[in-house]
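**Student:** What follows is the residue order along each chain.
There are 2 protein chains.
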Amino acid sequence: MSLLVVGSVAFDSVKTPFGEVDEVLGGSATYFSTAASYFTKVSLVAVVGEDFPEEHLNFLVGRGINIDGIERSAGRTFRWKGEYSYQLNEAKTLDTQLNVFESFHPNLPESYRKVPVVFLANIDPNLQLEVLKQVEKPKLVACDTMNFWIEGKLDALIQTLASVDILIINDGEARELAQEVNLVKAAKKIMAYGPGVLVVKQGEYGALMFNGETIFSAPAFPLEQVFDPTGAGDSFAGGFMGYLATCNEIDDVAIRQAVVYGSTMASFNVEAFSLDRMRALKQEEIKSRFQAFKALTAFENI
Amino acid sequence: MSLLVVGSVAFDSVKTPFGEVDEVLGGSATYFSTAASYFTKVSLVAVVGEDFPEEHLNFLVGRGINIDGIERSAGRTFRWKGEYSYQLNEAKTLDTQLNVFESFHPNLPESYRKVPVVFLANIDPNLQLEVLKQVEKPKLVACDTMNFWIEGKLDALIQTLASVDILIINDGEARELAQEVNLVKAAKKIMAYGPGVLVVKQGEYGALMFNGETIFSAPAFPLEQVFDPTGAGDSFAGGFMGYLATCNEIDDVAIRQAVVYGSTMASFNVEAFSLDRMRALKQEEIKSRFQAFKALTAFENI
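Residue numbers (the numbering used here), protein chains in the order written: chain A, 177 to 478; chain B, 177 to 478.
Treat each hint with caution, since some may be false.
What the hints assert, rightly or not - No more than 27 Å apart at the CA atoms, straight line, and that leaves these computed lysine-lysine pairs for DSS-like:
1. B:Lys290 - A:Lys458
2. A:Lys257 - A:Lys329
3. B:Lys268 - A:Lys361
4. A:Lys361 - B:Lys309
5. B:Lys191 - A:Lys361
6. B:Lys217 - B:Lys290
7. A:Lys268 - B:Lys329
8. B:Lys191 - B:Lys217
9. B:Lys257 - B:Lys191
10. A:Lys463 - B:Lys470
11. B:Lys463 - A:Lys470
12. B:Lys257 - A:Lys470
13. A:Lys361 - A:Lys191
14. A:Lys268 - A:Lys290
15. A:Lys290 - A:Lys313
16. B:Lys191 - A:Lys470
17. A:Lys361 - A:Lys329
18. A:Lys361 - B:Lys463
19. A:Lys364 - B:Lys470
20. A:Lys365 - B:Lys470
21. A:Lys191 - B:Lys309
22. B:Lys458 - A:Lys361
23. B:Lys365 - A:Lys470
24. B:Lys290 - A:Lys463
25. B:Lys364 - A:Lys470
26. B:Lys290 - B:Lys191
27. B:Lys309 - B:Lys290
Treat the hints as calculated values from the structure; they're not laboratory data.
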């Protein structure tokens with residue numbers, strides 16, 4: 177099945193203990209669609225400014241991504257600037273410039289409206305709802321969100337949650353959304369809002385997936401070189417949703433494997449700045465790391 | 177094989193968001209030997225004061241633990257007082273009274289000296305070395321340590337590490353011991369000191385086990401009720417070493433399963449204050465939770 181994503185396409189400036197980059201290609205929808213493009217056909221909805229270079233659009237097209245839904249508006253592209261300490265687990269945001277994103281209202285091209293799998297990346301839940309109104313009976317809808325919307329747009333977010341099958345957020349966000357420290361309890365509260373499946377990303381510790389009463393735990397891949405965690409969560413979601421879009425039946429095993437494919441894509445992404453690792457990534461490497469996750473977690477019949 | 181442990185037997189006073197207990201049974205060797213007693217015969221080496229009640233000794237004997245190596249000294253028993261916030265991931269130590277532990281020098285009963293599996297719980301590395309001098313060619317030696325000894329007794333600790341097969345510590349300690357933030361790099365540095373196997377406990381996130389070039393990752397069991405994390409690490413070590421002591425061959429699969437048995441015992445321990453959950457724990461519950469770990473981590477052939 178093909179996959180629709182709405183989110184940000186942006187310029188990131190990032191500093192980690194291992195280096196620094198200035199105004200490189202970034203944004204949630206960019207990371208998501210690049211990771212997902214290894215699995216299925218992706219249609220991207222976003223807005224960029226007049227300053228956004230053809231080169232970056234060509235990269236996306238080169239990955240087979242449909243960019244008909246990228247609107248070019250008067251003004252500057254969304255910019256984010258952040259810094260990581262040696263712990264690498266959380267970015268300190270130094271600057272956010274919404275620019276063209278400030279007045280963005282997604283308007284889906286006709287060809288996008290029947291896409292069966294939809295991912296609403298981390299944007300204003302009101303925009304997420306606008307997208308949902310424009311798609312025709314999708315088979316599977318998932319979304320992301322962040323503390324900013326939990327704190328500022330809770331009502332709209334709860335409306336979005338009522339319409340999605342899967343929510344993918346990090347552990348801090350899950351705790352804040354549920355107002356509950358214990359993750360198992362928090363998951364139950366969040367799933368009561370709508371999503372039957374909740375994926376809780378835990379950064380370097382991996383991810384927990386709640387599916388009704390069952391829980392699946394996947395580690396992050398232990399890496400000797402982590403260069404830049406920017407985009408790890410979006411790459412995770414891209415691998416996760418990209419794999420699910422290839423499944424005939426979206427049952428518990430499929431969702432578990434999707435979590436591992438998500439972790440696989442995230443693990444590659446953090447090996448370099450921006451999308452640089454993805455530029456060189458091969459299908460065989462993805463297969464091989466998925467196998468490595470088995471070796472990492474098996475404790476019988478190895 | 178039977179198992180020898182040296183460590184503390186103590187009184188703990190603990191406050192968590194869910195309650196408070198005063199001068200209850202605690203100590204690294206207590207948690208360790210109780211958890212290990214579900215797997216094998218345990219011989220305990222420790223010191224208690226004149227104030228230590230028969231009732232606690234009877235509990236240990238009731239678990240089949242050999243307490244011939246518990247010395248009763250003039251003075252008061254070791255006491256620890258700590259508090260946990262809602263996060264429950266790290267105790268804030270409010271008070272430590274070494275008491276009889278201050279002048280303790282382990283003196284192994286004759287019957288202990290040929291025990292084939294040895295665990296040196298978290299005590300002064302000089303005492304760990306004293307114990308190693310008194311045992312005759314053990315087949316397997318493991319140890320624990322903590323920041324206090326890494327900072328204050330590094331030379332003795334490095335001597336201990338040169339004599340052990342397995343080191344079991346938490347992630348913060350691993351990073352401090354190796355002076356390296358990246359855990360994969362830290363593991364390599366630490367294993368160069370001696371231990372062929374390193375188990376890194378990550379609290380609520382589980383554990384990583386490094387065995388030469390291979391890595392195994394096990395989650396912590398997701399619990400809806402965590403009452404008191406005190407003793408989780410020692411219960412982990414007890415389940416881990418207890419299971420290994422039952423294995424004819426200590427190969428990679430055995431060590432992986434031992435990690436899961438360790439996580440199993442830790443997951444029970446945190447369900448109540450002190451050793452209260454262990455007092456009621458049944459073999460069938462251990463088996464059943466070990467199986468639950470498979471369901472938690474499997475992503476094919478479920």
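**Student:** Please go over all the hints and tell whether each is borne out by the structure.
**Tutor:** Consistency of the hints with the structure:
no.: 1; hint: B:Lys290 - A:Lys458; in the structure: violated (55 Å)
no.: 2; hint: A:Lys257 - A:Lys329; in the structure: holds (23 Å)
no.: 3; hint: B:Lys268 - A:Lys361; in the structure: holds (25 Å)
no.: 4; hint: A:Lys361 - B:Lys309; in the structure: violated (49 Å)
no.: 5; hint: B:Lys191 - A:Lys361; in the structure: holds (22 Å)
no.: 6; hint: B:Lys217 - B:Lys290; in the structure: holds (13 Å)
no.: 7; hint: A:Lys268 - B:Lys329; in the structure: violated (36 Å)
no.: 8; hint: B:Lys191 - B:Lys217; in the structure: violated (32 Å)
no.: 9; hint: B:Lys257 - B:Lys191; in the structure: holds (8 Å)
no.: 10; hint: A:Lys463 - B:Lys470; in the structure: holds (23 Å)
no.: 11; hint: B:Lys463 - A:Lys470; in the structure: holds (23 Å)
no.: 12; hint: B:Lys257 - A:Lys470; in the structure: violated (42 Å)
no.: 13; hint: A:Lys361 - A:Lys191; in the structure: violated (36 Å)
no.: 14; hint: A:Lys268 - A:Lys290; in the structure: violated (39 Å)
no.: 15; hint: A:Lys290 - A:Lys313; in the structure: holds (8 Å)
no.: 16; hint: B:Lys191 - A:Lys470; in the structure: violated (40 Å)
no.: 17; hint: A:Lys361 - A:Lys329; in the structure: holds (23 Å)
no.: 18; hint: A:Lys361 - B:Lys463; in the structure: holds (25 Å)
no.: 19; hint: A:Lys364 - B:Lys470; in the structure: holds (22 Å)
no.: 20; hint: A:Lys365 - B:Lys470; in the structure: holds (25 Å)
no.: 21; hint: A:Lys191 - B:Lys309; in the structure: violated (51 Å)
no.: 22; hint: B:Lys458 - A:Lys361; in the structure: holds (26 Å)
no.: 23; hint: B:Lys365 - A:Lys470; in the structure: holds (25 Å)
no.: 24; hint: B:Lys290 - A:Lys463; in the structure: violated (49 Å)
no.: 25; hint: B:Lys364 - A:Lys470; in the structure: holds (22 Å)
no.: 26; hint: B:Lys290 - B:Lys191; in the structure: violated (40 Å)
no.: 27; hint: B:Lys309 - B:Lys290; in the structure: holds (12 Å)
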